[in-house]
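Peer 1: Residue-level listing of the chains:
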Amino acid sequence: MFKFQIVKRLLLAAALSFSVHAVMAQPAAAPASVRQEAPVSGFNPDAVEVHQDDLLANQRLITGRITLPDTRARTLIQPDGRMWRDYQRSVVPWIAAVLVLGTLAALALFYAIKGRIMIEGGRGLATILRFSSFERFMHWLTAASWCVLALSGLNMVAGRFVLLPLLGNDNFSALSRLLKPAHNFVAFPFMLGVLLMFLVWLRANIPNQVDVNWFKSGGGFLDGSHPPAGKFNGGQKMVFWVVVLAGAAMSATGLSLMFPFAVTNIFGMQIIQVIHGGIALLMIAMMLSHIYIGSVGMEGAFDAMNSGDVDLTWAKDHHSLWVAEELAKAEKPQPSAAE
Amino acid sequence: MRMFLVAIVVIAGVATGASMVLDHFQRPASVAFATDGARIDPPE
Numbered sequence: 001m002f003k004f005q006i007v008k009r010l011l012l013a014a015a016l017s018f019s020v021h022a023v024m025a026q027p028a029a030a031p032a033s034v035r036q037e038a039p040v041s042g043f044n045p046d047a048v049e050v051h052q053d054d055l056l057a058n059q060r061l062i063t064g065r066i067t068l069p070d071t072r073a074r075t076l077i078q079p080d081g082r083m084w085r086d087y088q089r090s091v092v093p094w095i096a097a098v099l100v101l102g103t104l105a106a107l108a109l110f111y112a113i114k115g116r117i118m119i120e121g122g123r124g125l126a127t128i129l130r131f132s133s134f135e136r137f138m139h140w141l142t143a144a145s146w147c148v149l150a151l152s153g154l155n156m157v158a159g160r161f162v163l164l165p166l167l168g169n170d171n172f173s174a175l176s177r178l179l180k181p182a183h184n185f186v187a188f189p190f191m192l193g194v195l196l197m198f199l200v201w202l203r204a205n206i207p208n209q210v211d212v213n214w215f216k217s218g219g220g221f222l223d224g225s226h227p228p229a230g231k232f233n234g235g236q237k238m239v240f241w242v243v244v245l246a247g248a249a250m251s252a253t254g255l256s257l258m259f260p261f262a263v264t265n266i267f268g269m270q271i272i273q274v275i276h277g278g279i280a281l282l283m284i285a286m287m288l289s290h291i292y293i294g295s296v297g298m299e300g301a302f303d304a305m306n307s308g309d310v311d312l313t314w315a316k317d318h319h320s321l322w323v324a325e326e327l328a329k330a331e332k333p334q335p336s337a338a339e
Numbered sequence: 001m002r003m004f005l006v007a008i009v010v011i012a013g014v015a016t017g018a019s020m021v022l023d024h025f026q027r028p029a030s031v032a033f034a035t036d037g038a039r040i041d042p043p044e
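Going line by line, the protein sequences match chains C and D.
The first sequence begins at 1 in the numbering used here and counts up one residue at a time.
The second sequence begins at 1 in the numbering used here and counts up one residue at a time.
Just chain C, with the same shape it has in the complex (with noise of 0.2 Å):
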């Protein structure tokens, strides 16, 4: 009896040992039911055969296991990433080259079609005051900045398709790699230009009825005709609400991003960086045209930002109510010490 429960003992450990030894040597590749089975998700990362196109269309991340503390190191593959690079590769690029070179492309044109807007009769003796030292020092403070972000920013978009070819590798990765801090530190000085700009010109810069009229009249750039303006025309306080809202969010964007992970996680970057540089290149675009306006497109306008002082004529053909207030300011008998 004592020798049965023995031999009994032995063939039910030997029965056990051969089916965990069977599970064990099932063969590497693993039966169609095992994709069938897997999760809701449409795809199980663990299945023994795996699609990399099913994988990547599925996951919002792939990760492996870490010890490391920070956790965002276990992310091997961001597919959406991929979208991200593609987009800035090869769509980015164009978007670009059509708004910076169209831009170009149509001021040209209508140089070409309208030619220099002159001063109305030329150049009078008398000038004017337009904008103080203050003024035009918290101008160039921000439009210097502005031209270094702007072509920091281009390179980083187009400088692979256009100055690497030129420069060579080596010259070019030179060149990256001192504009790209560049991007970084000269962004401060803009955001403190854009600040003083809308605290100096914000009350010259509410929009009103003159302005409406202003751009009835298309400006005057089609039929020649100097609609009355104030201090600011209706299209110069349509850029100074461009470089404000545009720069404020540009400030906002470029400091999350200058702090990975501090305000959101890597899609969340992938999409500021979007906005980003989306609203960077219609600013370029609005640049070009208020830079063409201000030096070769219209005589007498950049004495404004150079001296300060402008052409008394031009200021009546431009700025008429602007004028008028000052002239009527000028006229005004100032209070003694006395009274």
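Quick caveat, the hints were computed from the structure, so don't treat them as lab data.
Be aware that a few hints might be false.
[Unchecked claim] Derived Cβ-Cβ restraints for the label pairs, each shown as a range:
{"id": "1", "chain 1": "D", "residue 1": "V31", "chain 2": "C", "residue 2": "A97", "range": "36 to 46 Å"}
{"id": "2", "chain 1": "D", "residue 1": "G37", "chain 2": "C", "residue 2": "I291", "range": "47 to 57 Å"}
{"id": "3", "chain 1": "D", "residue 1": "G17", "chain 2": "C", "residue 2": "L163", "range": "22 to 32 Å"}
{"id": "4", "chain 1": "C", "residue 1": "L101", "chain 2": "D", "residue 2": "G13", "range": "33 to 43 Å"}
{"id": "5", "chain 1": "C", "residue 1": "F110", "chain 2": "D", "residue 2": "A29", "range": "20 to 30 Å"}
{"id": "6", "chain 1": "C", "residue 1": "G220", "chain 2": "D", "residue 2": "G17", "range": "20 to 30 Å"}
{"id": "7", "chain 1": "D", "residue 1": "I8", "chain 2": "C", "residue 2": "Y111", "range": "24 to 34 Å"}
{"id": "8", "chain 1": "D", "residue 1": "I8", "chain 2": "C", "residue 2": "L61", "range": "39 to 49 Å"}
{"id": "9", "chain 1": "D", "residue 1": "A29", "chain 2": "C", "residue 2": "I275", "range": "17 to 27 Å"}
{"id": "10", "chain 1": "C", "residue 1": "T63", "chain 2": "D", "residue 2": "D41", "range": "19 to 29 Å"}
{"id": "11", "chain 1": "C", "residue 1": "E49", "chain 2": "D", "residue 2": "V31", "range": "35 to 45 Å"}
{"id": "12", "chain 1": "D", "residue 1": "I8", "chain 2": "C", "residue 2": "Q52", "range": "49 to 59 Å"}
Quantities reported herein were computed from a predicted structural model and do not represent experimental measurements.
All C-beta atoms in this analysis are idealised placements derived from N, C-alpha and C, irrespective of residue type, glycine included.
Chain C is already provided as a structure; the job is to place chain D on it using the hints.
Peer 2: Same frame as chain C, now just chain D:
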């Protein structure tokens, strides 16, 4: 153009100041992503 030159100097100053302040918050990748078990050589 005097104000333009003044603006350039101020831009250089503010940008330099910003770089010094940011250095307190930002670390190079060779430092930020190094651990006890993994060392990353700094860029040449």
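Peer 1: Do the Cβ positions of T63(C) and D41(D) conform to the proposed distance bound of 19 to 29 Å?
Peer 2: 26 Å, holds
Peer 1: Between I8(D) and Q52(C), does the C-beta distance stay in 49 to 59 Å?
Peer 2: The hinted range 49 to 59 Å holds for I8(D) and Q52(C), with Cβ atoms some 52 Å apart.
Peer 1: Go ahead and decide if the range 22 to 32 Å is satisfied by the Cβ distance of G17(D) to L163(C).
Peer 2: 29 Å, holds
Peer 1: Regarding E49(C) and V31(D), is the given constraint of 35 to 45 Å on their beta-carbon distance met?
Peer 2: 41 Å, holds
Peer 1: Do the Cβ positions of G220(C) and G17(D) conform to the proposed distance bound of 20 to 30 Å?
Peer 2: Since the Cβ atoms of G220(C) and G17(D) sit about 44 Å apart, the hinted range of 20 to 30 Å is violated.
Peer 1: When you take the CB atoms of F110(C) and A29(D), is the distance between them in 20 to 30 Å?
Peer 2: 47 Å, violated
Peer 1: Mind checking the hinted window 47 to 57 Å against the Cβ distance between G37(D) and I291(C)?
Peer 2: 54 Å, holds
Peer 1: Note whether the CB distance of A29(D) and I275(C) lies within 17 to 27 Å or breaks it.
Peer 2: Since the Cβ atoms of A29(D) and I275(C) sit about 25 Å apart, the hinted range of 17 to 27 Å holds.
Peer 1: Honestly, do V31(D) and A97(C) meet the 36 to 46 Å range at C-beta?
Peer 2: 38 Å, holds
Peer 1: Look at the Cβ atoms of I8(D) and L61(C) and judge whether their distance stays inside 39 to 49 Å.
Peer 2: 45 Å, holds
Peer 1: May I ask you to test the hint 33 to 43 Å on the CB atoms belonging to L101(C) and G13(D)?
Peer 2: 35 Å, holds
Peer 1: Holds or violated: 24 to 34 Å for the Cβ distance of I8(D) and Y111(C)?
Peer 2: 28 Å, holds
The structure fails to meet hints 5 and 6 from the earlier list, while all remaining hints are met.
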